[in-house]
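Student: Next come the chains, spelled out residue by residue.
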Amino acid sequence: MAKRGLKQKSRVKKETVPANELIIVLAGEAGQGIQSIESILVKAIKNDGFNVFATKEYMSRVRGGVNSTEIRISSARVRSHTDRIDLLIPLNDESIVHLTKRIGPATVIIGDSTQVHDNKLMNIPFQRIASEFGNPIYSNSVAIGTICGILAVSEEKLYADIRAKFISKGEEVASKNIDAAKSGYAIGRELYKNKIIKFGITKDPSIKDEILLNGSEAVALGALAGGCDSVFAYPMTPGTGVFTALAGYSDKMGLVVEQVEDEIGVMNMALGAWYAGGRALVSTSGGGFALMTEGLSLAGAIESPIVVHLAQRPGPATGLPTRTEQGDLNLALYAGHGFFPRIILSPGDVKEAFFLTQKAFNLADKYQVPVFIMTDQYFTDSYYNLPQIKTDGLAAEKYIIETNETYKRYALTKDGISPRGVPGFGTGTVCVDSDEHDEEGRITEDLDGVRLAMADKRMKKFNLVKKDVIKPVLTGPGKYKTLIVSWGSNYNTVIEAMKISGKKDIAFLHFPQVYPLPKETAAYLKKAKKLILIENNQTGQFGDLIKLETGIDIKNRVLKYNGMPFSVEEITKAIS
Amino acid sequence: MAKRGLKQKSRVKKETVPANELIIVLAGEAGQGIQSIESILVKAIKNDGFNVFATKEYMSRVRGGVNSTEIRISSARVRSHTDRIDLLIPLNDESIVHLTKRIGPATVIIGDSTQVHDNKLMNIPFQRIASEFGNPIYSNSVAIGTICGILAVSEEKLYADIRAKFISKGEEVASKNIDAAKSGYAIGRELYKNKIIKFGITKDPSIKDEILLNGSEAVALGALAGGCDSVFAYPMTPGTGVFTALAGYSDKMGLVVEQVEDEIGVMNMALGAWYAGGRALVSTSGGGFALMTEGLSLAGAIESPIVVHLAQRPGPATGLPTRTEQGDLNLALYAGHGFFPRIILSPGDVKEAFFLTQKAFNLADKYQVPVFIMTDQYFTDSYYNLPQIKTDGLAAEKYIIETNETYKRYALTKDGISPRGVPGFGTGTVCVDSDEHDEEGRITEDLDGVRLAMADKRMKKFNLVKKDVIKPVLTGPGKYKTLIVSWGSNYNTVIEAMKISGKKDIAFLHFPQVYPLPKETAAYLKKAKKLILIENNQTGQFGDLIKLETGIDIKNRVLKYNGMPFSVEEITKAIS
Amino acid sequence: MDNIFDRKGETAWCPGCGNFGIRNIVLNALAELNLKREEVVYLSGIGQAAKAPQYYNVSYFNGLHGRSLPPAAGIKAANPNLNVIIESGDGDMYGEGGNHFIHAIRRNPNITVIVHNNMVYGLTKGQASPTSRIGFKTPIQVNGVSETPINPLALAISLDASFVARGTVGEPEKTKEIIKKAINHKGFALVDIFQACVSFNKVNTHKWFKEHTYFLEDNYDPKDKNTAFKRALEEDRMPLGIFYINENKTVFEDNLAAHRAGKEPLYKRTRDMAKINELLEAKK
Amino acid sequence: MDNIFDRKGETAWCPGCGNFGIRNIVLNALAELNLKREEVVYLSGIGQAAKAPQYYNVSYFNGLHGRSLPPAAGIKAANPNLNVIIESGDGDMYGEGGNHFIHAIRRNPNITVIVHNNMVYGLTKGQASPTSRIGFKTPIQVNGVSETPINPLALAISLDASFVARGTVGEPEKTKEIIKKAINHKGFALVDIFQACVSFNKVNTHKWFKEHTYFLEDNYDPKDKNTAFKRALEEDRMPLGIFYINENKTVFEDNLAAHRAGKEPLYKRTRDMAKINELLEAKK
Ligand SMILES: Cc1ncc(C[n+]2csc(CCOP(=O)(O)OP(=O)(O)O)c2C)c(N)n1
Ligand SMILES: Cc1ncc(C[n+]2csc(CCOP(=O)(O)OP(=O)(O)O)c2C)c(N)n1
Ligand code: SF4
Ligand code: SF4
Ligand SMILES: [Mg+2]
Ligand SMILES: [Mg+2]
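Chains as they are written, first to last, in my numbering: chain A, 1 to 576; chain B, 1 to 576; chain C, 1 to 284; chain D, 1 to 284.
Same shape as in the complex, but just chain A (with noise of 0.2 Å):
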């Protein structure tokens, strides 16, 4: 049924380097501090006005093993992971077996011929010439400043991020590392005048208004927009990042923020703050995920609303604690014993990771349910520039009431939303039950009266829940024969590969809500001759549930599970 999991066989061979554009990827050991490099390059080199998109890849440890960050840099946006790789700058051996199969015949390596030895490598002295300035350390200053004068960066700004980056460790390590990428700078513009490094990239003034975010910060700033007030959760790989961006708002923004001991604990007070009239956020990845279980129960049975951030790591079990799968899906549409509603969202890309997350609170509190935002490692650690996100129109949208003395927490009303009051906001009380409860809240043990009309108050609810569904993306033509499918992350990576292809008649359908499915799934999939479903998993768990409720099969699954995401090579051979 499906495809074998894509796997990289070896060292890239053909390649058309666009001139337009340059991919660097910067690998070393974790510690070795390549994000910080990362960091300060990407930075400036939007400031300059490129283009420019980041994401990296890691081990789960702390020191040591090989790491490494992907930039791109172009005329035109860059949003996706590639295998090609135009200038390679590892800092140690490990480098380059790592990425021995991304390595092409046009690859230039540039590195320190005393920690790297490869027969394609330039050397550049990073050591010595940090050494020069009183200290090996400044050699990633060196190779920042190499990569600026490659691609001419304006000196100034890039300098003044470099001396704000350091200055909190004193003016004479500022000014050092300053001196550091000065040096590396004349070497980046001599390698660009010999010609080593070729490309023709055309800079944009306006860039430089543009915002650079990555996955979680997008999620992190939608949440805060949709009035997301406090974030309950317990540090897990790739959900931690959506918890510190929002713990470092925190004082700003007056918001709670609670680790709480385990992931039982977090579900559970985050339903004690929607309770009390919170809106709070959970941000997790599956096995923190696969605690809050009866949690999410719970959350069904007493109709709270709760916001899921569900970021995805491959499994099962500890799996591959820092590495990118869309394997959680199931996970998420199943989770919980019992019917309830919920509904799942799934960000192609960081803006709409902003708008949806907006929107996930606003629907939550609306249908009183289980909202899931979808992502995976591979989405909250890429970012890019875009244009900055307008918040005009937007509100967090208040759907409490004020209780009176004859407030019902389970009202029966027609369409199975019982408005929502929190104590202390009126003279009524508030009963909320996970047993099977009556209008008041209170436990009930009537079968056919009051427990039927409750389980069919929750799939009104549901019904409600499907006729307002975020409709599914199609970009391409709208007489297409190919469909591709995909759902989360891929996005922009579809995308691209679609231009590439250059095939007039493929056209491909994005998800930002995959449950309830949208209801003009099966008509956009009967348009297609041949349908392709992209998916990073082992499985196909979106190809099941666009089969369990359109019929349609598809398939043709070209699945990942390696812990890697697609590259824009890979879904353009699967889809040519």
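Simulated from the structure, these hints should not be mistaken for laboratory data. Hints may contain errors.
[Stated by the list, open to error] Straight-line Cα separation of at most 30 Å, DSS-like style, residue types lysine-lysine; simulated pairs: (1) B/K529 with B/K471; (2) B/K555 with A/K471; (3) B/K390 with D/K268; (4) C/K210 with C/K180; (5) B/K504 with B/K203; (6) B/K530 with A/K460; (7) C/K210 with D/K225; (8) C/K249 with D/K210; (9) A/K252 with A/K208; (10) D/K230 with C/K225; (11) C/K125 with C/K8; (12) C/K207 with D/K230; (13) C/K284 with D/K125; (14) B/K547 with A/K526; (15) C/K210 with B/K56; (16) A/K529 with B/K526; (17) D/K284 with B/K208; (18) B/K398 with D/K36; (19) B/K530 with A/K526; (20) B/K252 with D/K263; (21) C/K249 with B/K56; (22) C/K137 with C/K180; (23) B/K193 with A/K555; (24) A/K547 with B/K529; (25) D/K263 with C/K225; (26) A/K519 with A/K471; (27) D/K137 with B/K390; (28) D/K137 with A/K252.
[Claimed, not checked] To be clear about the criterion: a stretch of chain C counts as covered by chain B if any three or more of its residues have a C-beta under 8 Å from a C-beta of chain B, and this derived list gives those stretches: (29) 12-18; (30) 59-71; (31) 94-102; (32) 114-127; (33) 135-142.
Quick caveat: nothing in here was measured; it's all calculated off a predicted structure. Ideal Cβ positions, reconstructed from N, Cα and C, are used throughout, including at glycine.
Could you slot chains B, C and D with the ligands onto chain A? The hints should help.
Tutor: Below, chains B, C and D with the ligands alone, put in the same frame as chain A:
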């Protein structure tokens, strides 16, 4: 899509009392002793050569409320719940209100008019008679005697049973209870002679040698026959019965029985036991199982066998703790993050429960996968007479190997199964890891090599599991027009309803194994003109699974989700 | 006089059960404290004791077995002005809920936790609970309990809980005073209450509790942790009263950024989009 | 001399981390005890400390975060002859795993529990752990920890744990002796070990631990619970050594019906169908 949950509309109207059957219902508060009346009665009746079936429904409380026990006595084998009541013995007024819908014009109601008030009541002064023997508490024995009198059950054995029951409280108490029963017996004989209660059940002396077994005991004994040597649990209705039964056998069988602090601990402790060579069972219900989700994924990752008895009750959350439902199939199907194989069995009657549970341990051990036994409250609490179960040919198959220095727990083999060693048996080390691991069981970050190999290995095992599926059981003509499809505890009720309907072109397909779905399923379904799905849940979860796996959408779904099991009458109506 | 907290009507408890006594004690305590009914929120897990909130005339959150403490903290985080009281069973609080118990004490929200300690699982019909005594026989512990019972007071004191007390249904007046002090105390207050389960615990009966308890001396000073610990360990006759108070702890909700400037409940606040725009601007 | 427990090769730990020191201490302890390598089973949860079993040459069960204790008891239940040792982190054991910690102490299986206490979550990059000190700043606890840190020793003593001790990487010899005694002890033995996380805890460094610890006197008698508790509460300079031993407790696996007659591992036993037939006969 789905029919509204079956609701019992009103007092049963038309009825034709088959003379060869008597349906007795006892009802009263929790704490009034209905359970002990039932246990003495059913045993006495069976030992006298009657076919008997008993089931109970009760509220989630220790005292008060209304509980009832249904006892069917018949010439033929009876094994399912009916709405009809021939003889009702209410111990209080609430009992009559509670059972209103099941009381028909032909229902005879006998009771003590100082306790119960109803136009139809035939007064038998249970309390006064009991008081004559010194204590109104003996009234239960009067009632037992009355029923046995009606049936003309052998007095000698009956009184011996009563003595056995009460002798621990002293000779006086025992003989007073016997005297009370004797008075009741005489009354019962009168009632029968006066044709107040009419029936003509033929006895079969061979029934004396049959056994009485409920669902819980069947699972417990089946587990023991499968080599189960340890049980870990946290009390949760209706999963507790199996736990209690095994605790009762622990001294005789030399078992490990441990009540763990929570369900997370339960699952993880059981996995530890399997790791070291034990064969552990866990028994729980939906909410408790929800907490085991992460642990289940661990079983998947480390390829540990585990047998889960999942006794279902209505959700969401605490729901209706003492009621019945088949609402946890999706949970069992999809619990756990990441992909790994699993097996789900769903016994239809107690004999099948014995053999399936026995087999579950061998399947789990052979394929190193989780195996579920899905029952429900109705199933665990119901019992009836059946011929002695033969254990000939059954064995607890041994799969554990002795290790040597080169042992690798996850050796890559052709079929995906790596021989399983245990620590202390041989000279090798047995290393299991929740992270993705290599053949030795050590953490890996080799994505394209080891990760894919291990993911594919788990898939290979799944393919093997799919080849060894217990076939569905067809009852009725091979050439059918209508096919009833169901799973688990509905089995006997459907069988009886089919007989009553008398239709020649109806057949019934029962699934002892629901997952992986037997490959014959589609063929069976396609042969039918009309399909009827019967499930005791709100949405038709098994129907969804069938749709997903076969593409066949059974639109005609007979669903019930008020917390009660299907009755013979309901299914008869649904299939007519 | 009518007690505004009293929700008359049937309960699901067994006649003679200690739960009734606790209910009366609590009702009196609530009335005497003159709490505003609308500002009291009750929580519980699942069990017989955990049905208590159903029988008061207050708002409640009757959550999952073992999980009353996390939502209680969530409620205080969302609205620190509410008076939050938990009433639940020994199995619920110290068994399934044990991890929350430890960490809620560390977190120290201003809540009151009343535990009905009947040394047994009542609702599920008589299995051992974490407070069951060694040797206690049940249908599961067929040869009697062999695991050391939890001493909830010693445990709470070891975690430096801010208020640790024990009462008994047998002493309604004194227990009521303890509960009142617990509710008035600012911080996490534990009141473990001995309660006989007449249906499933035939050992630790009303009589047994009477014989095995006594009150701490009137001049007992609950400020010293070591003394409190020592007294909590007494086993033959177990002291009752307030064992330990630590007034020097900060309270969970006060430490939250959300409530540093003021205690306005979250539901009253509105999100200022200008601030979001500022955060977005900073991403340039 | 070659240590048979040493599995040479790379680790995933940071240079300078205290985990290396603990590893050496443990390796020496294991070798000196002359344990049979095939009978040692290691367990851990998830975290940096929890990677330890990977680096020994023994059988191991590297389970879920926070869940090392339940499988350890399961292993002892299935085969009481195995020597079971847990090595895990403070977050793993006292945070996510807190409920198992409490109840494993009550259960008292004969296992040794070594906790790498670095007062931080290492693997997830520096959030507070249950043992983090008040005021400790992290990317989550931006204004510093405000929750009272767990005192694992006081907690264990309050639960009457059968062996409670603390060591430090800074004192390898003495800590090794403690671990040896813990492994030889029959029952649940806790050894909390101070270990500096050089990457994420810049407060509780090797130096800090040195300055804030000292060893219990040589004549300290670990038999009295009250004294042990008192000493465990000392904060300014924290004592090291064996705080408490209770030899009078029965051991979990010995109480099981399965092992009352003998300790034969379960995998060696065969099920006698005649017995099943007897049970079935009794259903007549
Ligand atoms: C997750 C989960 N596990 C188990 C149960 C079943 N259960 C309900 S109450 C209870 C124990 C009750 O004991 P306790 O808390 O002491 O309360 P009591 O009934 O004695 O007042 C259990 C095990 C449940 N509801 N949920
Ligand atoms: C259920 C679950 N929640 C969260 C995590 C993420 N996680 C892995 S290790 C860890 C904490 C590690 O801290 P500690 O136990 O102190 O070990 P250290 O790394 O400091 O040695 C966390 C939160 C997880 N793996 N599983
Ligand atoms: S079961 Fe026990 S605790 Fe529960 S109500 Fe009855 S007597 Fe009380
Ligand atoms: S993160 Fe900390 S505890 Fe983990 S290995 Fe590095 S220094 Fe050690
Ligand atoms: Mg209790
Ligand atoms: Mg730590």
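Student: Run every hint past the structure and note whether it holds.
Tutor: Right, here's what the structure says about each hint:
1. At roughly 22 Å between alpha-carbon atoms, B/K529 and B/K471 fall within 30 Å of each other, so this suggested pair holds.
2. In summary, the hint linking B/K555 to A/K471 is supported, as the alpha carbons are separated by about 26 Å, within the 30 Å threshold.
3. Proposed proximity of B/K390 and D/K268 is supported: the alpha carbons are some 25 Å apart, at most 30 Å.
4. The hinted pair formed by C/K210 and C/K180 meets the criterion: a straight-line CA distance of about 22 Å does not exceed 30 Å.
5. Distance check on the hinted pair: B/K504 and B/K203 sit about 29 Å apart at the alpha-carbon level, within 30 Å; holds.
6. Between B/K530 and A/K460 the alpha-carbon distance is near 28 Å, which keeps this suggested pair within the 30 Å criterion.
7. Proposed proximity of C/K210 and D/K225 is supported: the alpha carbons are some 27 Å apart, at most 30 Å.
8. Of the pairs offered as hints, the one joining C/K249 and D/K210 holds, with about 28 Å between alpha carbons and a cut-off of 30 Å not exceeded.
9. For the given pair, A/K252 sits about 26 Å from A/K208 by alpha-carbon distance, which is consistent with the 30 Å threshold.
10. The suggested pairing of D/K230 with C/K225 holds, with an alpha-carbon distance near 9 Å, which does not exceed 30 Å.
11. Taking the CA atoms of C/K125 and C/K8, the gap is about 26 Å. The hint holds against a cut of 30 Å.
12. Proximity of C/K207 to D/K230 is assessed by CA-CA distance (about 35 Å); at most 30 Å being required, the pair is judged violated.
13. Between C/K284 and D/K125, the direct Cα distance comes to roughly 26 Å. Compliance with the 30 Å bound is thereby established for this hinted pair.
14. Between B/K547 and A/K526 the alpha-carbon distance is near 18 Å, which keeps this suggested pair within the 30 Å criterion.
15. This hinted pair does not check out: C/K210 and B/K56 have alpha carbons roughly 38 Å apart, beyond 30 Å.
16. With a C-alpha separation of about 27 Å, the suggested pair A/K529 and B/K526 falls inside the 30 Å cut-off, and the hint holds.
17. The straight-line distance between the Cα atoms of D/K284 and B/K208 is roughly 7 Å, inside the 30 Å bound, and the hint therefore holds.
18. The straight-line distance between the Cα atoms of B/K398 and D/K36 is roughly 26 Å, inside the 30 Å bound, and the hint therefore holds.
19. The hinted pair formed by B/K530 and A/K526 meets the criterion: a straight-line CA distance of about 27 Å does not exceed 30 Å.
20. Restraint check for B/K252 and D/K263: satisfied, since their Cα atoms lie roughly 16 Å apart, inside the 30 Å limit.
21. For the suggested pair C/K249 and B/K56, the alpha carbons sit about 53 Å apart, so the restraint of at most 30 Å is broken.
22. With a CA separation close to 36 Å, the supplied pair C/K137 and C/K180 exceeds the 30 Å bound.
23. Between B/K193 and A/K555 the CA atoms are separated by roughly 71 Å; this puts the pair beyond 30 Å, and the hint is violated.
24. The suggested pairing of A/K547 with B/K529 holds, with an alpha-carbon distance near 23 Å, which does not exceed 30 Å.
25. Only pairs whose Cα atoms come within 30 Å are accepted, and D/K263 paired with C/K225 is rejected, the gap being roughly 43 Å.
26. Between A/K519 and A/K471 the alpha-carbon distance is near 8 Å, which keeps this suggested pair within the 30 Å criterion.
27. With a CA separation close to 67 Å, the supplied pair D/K137 and B/K390 exceeds the 30 Å bound.
28. At most 30 Å may separate the alpha-carbon atoms for a hinted pair to count; D/K137 and A/K252 meet this at roughly 17 Å.
29. Counting residues of the stretch 12-18 of chain C whose beta-carbon sits less than 8 Å from any beta-carbon of chain B gives 4, enough to reach three: the coverage restraint holds.
30. Under the rule that three or more residues need a Cβ within less than 8 Å of chain B, the assignment of the stretch 59-71 of chain C holds, with 3 such residues.
31. Residues of the stretch 94-102 of chain C with a Cβ under 8 Å from some Cβ of chain B number 3, which satisfies the need for three, so the listed coverage holds.
32. By the rule of at least three residues with a Cβ nearer than 8 Å to a Cβ of chain B, the coverage given for the stretch 114-127 of chain C holds, with 6 such residues.
33. Remark: the stretch 135-142 of chain C is confirmed as covered by chain B, as 4 of its residues place a Cβ nearer than 8 Å to a Cβ of that chain, reaching the required three.
In summary, the structure is inconsistent with hints 12, 15, 21, 22, 23, 25, 27 from the numbered list given earlier, while agreeing with the others.
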